[in-house]
Amino acid sequence: MYTHLQQEILELRDLVLKMATRVKDALGMTIDAFSKMDANLAQEIIAGDDRINELEVRIDKTCLKLLALEAPVAKDLRFIIGCMRASIDLERMGDETANVAQATIVLSLKPILPFYSRLETMGQRSKTMLEKAIEAFFAPDPDLALNVCKMDCNVNELYSKIIKEIIEYMYNETPAIERSVYCINIARRFERISDLATNIAESAVFISRGINIKHYCQFDNRS
Amino acid sequence: MEHKKKIQVKDLDFFYGENQVLYNINLDIPEKKVTALIGPSGCGKSTFLRCLNRMNDLIPGIKVRGKIILDGQDIYDTGVDVVKLRSKVGMVFQKPNPFPKSIFENVAYGFRIKGIKDKDFIDERVKTSLRMAGLWEEVHDRLSSSALGLSGGQQQRLCIARAVAVEPEVLLMDEPASALDPIATKKIEELIYELKKEFTIVIVTHNMQQAARVADYTAFFLMGKLIEFDKTENIFTSPRKKETEDYITGRFG
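Protein chains in written order, with the working numbering: chain A, 1 to 223; chain B, 1 to 253.
If you're looking for bench data, these hints aren't it; they were derived computationally from the structure.
Glycine included, C-beta positions come from ideal geometry on N, C-alpha and C.
A few of these clues could be false.
Stated by the list, open to error - Ranges of calculated distance between the beta carbons of each label pair, as one might list FRET restraints:
| no. | chain 1 | residue 1 | chain 2 | residue 2 | range |
| --- | --- | --- | --- | --- | --- |
| 1 | A | GLU157 | B | LYS197 | 52 to 58 Å |
| 2 | A | TYR2 | B | GLY17 | 27 to 33 Å |
| 3 | A | ALA139 | B | LYS197 | 55 to 61 Å |
| 4 | B | GLU233 | A | GLU11 | 46 to 52 Å |
| 5 | B | THR128 | A | GLU54 | 31 to 37 Å |
| 6 | B | VAL83 | A | GLU11 | 55 to 61 Å |
| 7 | A | LYS214 | B | LYS101 | 43 to 49 Å |
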């Protein structure tokens, strides 16, 4: 039999799962909109961001209530704190997808540039990280979470390469400078999304093991 | 343990007749810190607490094995003066138990039975003890009134004043706030926080949040065994044992 608090925690879990699913879908649609230069789809993503924000507010309110009224401890406390952190990260990811969608609308009016496919790859990698971070968070699976943290290095490397490539391109193709700047912005957004997915993976470790692996990406005894 | 050990409990077994209620308890109680004992009813935490000043000796048929070392001396050694031990290890009970005497005489009681007659000394100690117990401001103008006229919370603080008057080194508290309202409870908790500057405190409580608020260290007992002992912060955020986690999150049983 579930206690009252456990029941409330299950409801909180459902809310976070719903929010995570919306963000994951929004990111998938964003990559799609960018690869097809589909302005209509991009517009849909921007409009859908409100539904993500609304869930963040609900999760925040639920967590505050549980902390104030139920005085949770141990794994219950860690899960609630983890959900608060995750909802902030997910909301920021939602904003980042909307920003990429906004840039896509501008880019869709002009011819494509050679590095679009690399940007798409970067978007796909950040999406994979998000999917695995969500899986690790809800399992919870600290080993999978640790893998997500390690994947962030690959995205960072890719980001550096793409930025370098775009800058070199801008030297030779001055008419494409505006589009190139938009692309730098998109690369930066995908890189941020992978950072935020890493944060969610770190929260997964905190929930399951009660340790903080932020900034050093390894398991340790009580930190 | 980072702190100096005031009491070291080694391989402690305790029996009521044939019935064993504590099994091989090993625990170091840090000096001038608050250690909370938590666990379900019947887990042995109160029995353990009463072992620390041999209060259980008053019960017929008990048997104790192992050692409880207080400042280097096993309190169960033959020849230990139990009266002296209990003035060194004071106790406050669940229900306030003031004597049917004046407020002043309650606090002065320890000196009266020791035969101390120095009036100035007793006056000073009574005043200091009432101050330490956070009660002086409320009773200083009616010290000769009956202690039984005080509220429950005040009576409990009076009992604490009575316990600290004889300058113990350790203070044992058996659910000291369980019969009090939230305001009186808060005062006792604040008092415990102050008292730990002077005394080593061991408190039994059923109120998990109280343990979390007042204790530096927490010991979790289950069926006569010490399951886990750690800093309170660790017990309430990331306990190492599943039994502890199940108990403090209400999943037990």
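Each hint, compared with the structure:
A hinted range of 52 to 58 Å for the beta carbons of A:GLU157 and B:LYS197 is consistent with their spacing of about 55 Å. Our hint of 27 to 33 Å for A:TYR2 and B:GLY17 is violated, since their Cβ atoms are close to 40 Å apart. The given range of 55 to 61 Å is broken by A:ALA139 and B:LYS197, whose C-beta atoms sit roughly 46 Å from each other. Roughly 28 Å separates the CB atoms of B:GLU233 and A:GLU11, a value that falls outside the hinted 46 to 52 Å.
Evaluation of the 31 to 37 Å hint for B:THR128 and A:GLU54 yields a failure: the beta carbon distance comes to about 60 Å. Evaluation of the 55 to 61 Å hint for B:VAL83 and A:GLU11 yields a pass: the beta carbon distance comes to about 58 Å. Hint check: A:LYS214 to B:LYS101, Cβ distance near 60 Å, so the stated range 43 to 49 Å is violated.
When the structure is compared with the earlier hints, violations turn up for hints 2, 3, 4, 5, 7 and for no others.
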